[in-house]
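Whenever a hint applies, use it, and build me the whole structure from the sequences.
Chains as they are written, first to last, in the numbering used here: chain A, 1 to 106; chain B, 107 to 382; chain C, 383 to 743; chain D, 744 to 1127.
Read the hints as simulated data drawn from the structure, not as lab findings.
Since the model is a prediction, treat every value here as computed from it, not as a measurement.
Backbone N, C-alpha and C define an ideal beta-carbon position, used for all residues, glycine too.
Incorrect hints may have been included.
What the hints assert, rightly or not - Covered by chain A, per the in silico footprint, the following chain B stretches (three or more residues, Cβ under 8 Å): (1) 132-139; (2) 202-211; (3) 335-346.
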Amino acid sequence: MGDRRITDHPILDFDEGEVIHFTFDGKPMEGREGDTIASALHANGVKVLGYHFKTKRPRGFYCAIGNCSACLMIVNGKSNVRTCTAPLLPGMVVETQSDRGVPDDV
Amino acid sequence: MLINTGVPTREQIELRLPSPERRARGPYAMVECFQEIPCNPCSTSCPFDAILPMGDINEIPAIDLDRCTGCGICAGVCPGLAIFIIDESKGDGTASVTIPYEFRPLPEKGEMVRAVNREGDVIGDAVVTRVLLSKKTKTPLVTVRVADEHVHEVRFFNLIDNKTVCDKTSSKIEEEPKTDDTACATDDDEIILCRCEGITLRTIRDLIREGYTTVDEIKRISRAGMGPCQARTCGPLIASEIARMTGQPVAEIQPSAHRAPVKPMPIEFFLGGDSE
Amino acid sequence: MMYKIDLVVIGGGPAGLMAANTAAEAGAEVLLLERDGHLGGQLVKQTHKFFGSEKQHASVRGIDISTMLGDRLDSFGDRATVWKNATAIGFYEDGVITVDHDGVYKKVKPKRVVVATGASEKFLSFPNNDLPGIYGAGAVQTMMNVYGIRPGHRVLMIGAGNIGLIVSYQLMQAGVSVAAIVEGLPKIGGYAVHAGKVRRAGVPILTSHTILRADGQESVERATIARIDRTWNAIPETERTIECDVICISVGLTPLAELLWQAGCEMRYIPALGGSVPLRNDCLETTVKGVYVAGDVTGIEEASAAMVEGHLAGLEAAASLGFKSDSYDAERKDCMEQLTALRSGPTAEKIRTGLACTACL
Amino acid sequence: MNVPKSASIVIIGGGVSGCAIAWNLANRGIKDIVLLEKDTLANGSTGRCGAGIRMQWAAEKNCRLAQYSVEFFENGNEILGYERDIEFEQSGYLIVAANEKEAEQFKKNVKLQNSLGIPSVYLTPEEAREIVPLLDTSQFVAATFCQKDGHLNPFHTTDAYAMAAERLGVKKFKHTEVIGIEVKNGRIESVETTRGRIATNIVVNAAGGWSKAIGAMAGVDIPTYVQRHQILVTEPLEPVFSPMVMGFSYNIYIQQVPHGSIIMGRSDNTEPLDFRTTSGWKFVEEMTKTCSKLLPALRTANVLRQWAGHYCMTEDAQPIYGPAPGLEGMYLACGFSGHGFMLAPATAQLVSEMILGEPLTIDVSDLDVGRFERRELVFEHSVV
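Structure follows, in structure tokens:
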């Protein structure tokens, strides 16, 4: 789904940032430097970031700026990470979250 | 009407057309701005003072066509991309339209394109005669040559070879209504008002009917608005549902309290404080 | 540790940037808090040219205005500090503002505050409104214009205000097709010239229409829309299905005023301004002394007005601390005149009505 | 909607106490009861409290009051016919002793509690950690635990009482403020509200922090005062520990509620003595510090929100029950000093008995308002 990256834009220039490797539910994926976790997932065609802990309905981000909390995921084992604002870092292990999550050390 | 369709009426356009003499004389700017909005770069950018100074920034631009040379500077700066340069002086059955075109890919000089009118419909062919790039405005000005009789209609173009900006099929929806009766029934159970807690419109409506008519009461009983977004998403929806069902003005419906922190922060984050 | 400073400006969008610049220019020590990693707020997503006059940088693209204002702030050296990735998370009764600065907890106690936190997007209720693929217009802009990622292949836009129209246009610029723009009102709310741009590019604008529902297995696959009557009820047999993988909600903004509520500012719900807004005097000072406001948090308006308000709020906040330059009177008069001009046309009628209710004197 | 012209009893205050008293009286067959609330139900201390209930007290009377209430709540949904759920979870209170002195007192407490039939136990830190594995055992020397203690949903509990009361004929008026109380010859004649006057000879003052102001309307001095208390809550998490963890020296109570959020609160003598419900930053700093000490594993949980309410305090931090002296017809149920929510069933029972002149289920005659003048204060040390 590489066609989601905009390469030729009439107004904006998007730098081809460094490729960042990460995994999503075990699948290897590529993002770019400057991506948030959610934007990298989106570029890979991933819209479903989790399932609501109570209703089990699929969840995707709505606001993309950290307001709405619909983008919570498990990142490197840590629950409730706001992936729409959290920067993507190399080697991140990103997983869909379908429960309320637990603190790191529990 | 313009405000219903986004397309100016034939009358609006015709009133703006210069005299036949002026049209025959050479290129001129056609300013298709018909609404009083606070905007004046066209008038302040014109090097020939052809677009008259505005006393009030909301005035509709007025143009002195004797001064206008059709240079196109205004077409490049107009934030509404509503100025076109028309040249009907060629006298060979063709005329040209210069269109601000902020899409990619850009056509090349000599390329054949589909001429498109203000409604987005293809009305004929056109040839690209000039592509003018501007580093300053980043708005390319593309001149296309069309048949004489189309010059006051053509305001856009589509590239051939499936490189259209938009697939025009979508506009057909208005002409081909189709009924899908499985999709008609509105179901309150499928409408999520509070995304964080997964609270449906049905739950909220039931509570309002039971007499819980403030945002706080609904929050306390149902948890709607208690989640991580702090009611940013659902608060206004719940308030307007209360207003709708009880007849109270929304203005009188007290929102629930806005508490710190504005965004959730880990407990360890606050350990940096020293309570001084 | 408690940071003490003359002025804190919360929000690095058009209003906040102007406030910080003006106050620093006047001689105040300014700290600007911006929750993003870059300055500009919504300006960085605005790839279109601005309306207004030269004073509000008309015809310059929002994204370039942001750079200009940021550069100017840099020129004040130590007098203007910018914290990026800094969210003001609490505004307490003793005037202390707590901040998440890049994950570090900080406390600031300024003598004056300009709150320029902008707005947040409204949400809409319809069946399956929580399906992935339903995004706020701001989210779509962020994806496209900040991260360079197309939100989908085919978008149904809900709302024909300026944002709905502009984002539709930007989607096409990014190579995404727009199936239609659906607007509940019988007329287009945004500027006619914006509507004209998307119409000629082939996008229908369906006024007096609404979205009935979204459907899809795990994410949006289609939407059902229908014509509505004057009471917003769907007219039978006008339903139609639109294939799309994104539904973009652009039904308006509401002032992001949480910090003002926390600070104890007197607020009033004014529908014409998008929600609850702070009462303020003609210096843009709220009912809490020393707390000034500018931009969308005072009521939803265009960025041009936000910049002028930012200028005025920065000017007044600095002046109240004794930083009053020779040009104070002229600048104040000029701001007032600019605001009057921007708000004088027929498209600003709603704003004028709303503003008439906000005076706290 | 106007209030009725007369009532047998007017109850002032739509918190849990007022609603419980209304239900209790109506359940005994009393008709024409009116319940007045100036805002919405549970909008004052009730809706802002920690909503725990414990029987582990140092004073016998408090143990008994709590015991009565626990037994009521165990069947609360059924007794009140509540279709939602008061969410009474008997997940226990685990109270830690920070030092040997406190541990000694705890041994005495457990002995007393056990003698009353309260199944509390005295634990070593290691035993405590078996119940709450997140505890840092180096932070305390001993603990007590009672599985029968627990937690409720304060909104649902109040709602349950109010709905049951209304079904029995109680007329509830929200957004109706008492603006005056008419007294003639030392006897209450009527209550003036923002929606009209109600003739009545009996008023129950269950107005929490506002009880003093209500008393003043009838010329009675009620020696209560308010103090702000703050709480914070985390994002909901999967269940990680169930009991309320409490420490008197640590000045903390912290619990994961069934919904998953962790709530925690503390007291602070420097808090303002007025009605403000604004929040302070010092609270968050102190609270998170103590929490991280005692339950270090919670340090990555996200703080979602902080809020404030107030305790309606008395000099000895014990409730005031009984008639107002020198004024016929006013009954007091106030001054709960932070424990009103958990005592509501007992409060309702006792106040009803007092009004109807029946023998008291638990002797609380020493908790009358006169004790402050007599200087017969009743102290309880096990408080946060």
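Consistency of the hints with the structure:
1. Remark: the stretch 132-139 of chain B is not confirmed as covered by chain A, as 0 of its residues place a Cβ nearer than 8 Å to a Cβ of that chain, below the required three.
2. Coverage of the stretch 202-211 of chain B by chain A holds [criterion: at least 3 residues with CB-CB distance below 8 Å; count 4].
3. Taking a C-beta to C-beta cut-off of 8 Å, the stretch 335-346 of chain B contributes 3 residues in contact with chain A, enough for the three needed, and the coverage statement holds.
Of the numbered hints stated above, the single one contradicted by the structure is hint 1.
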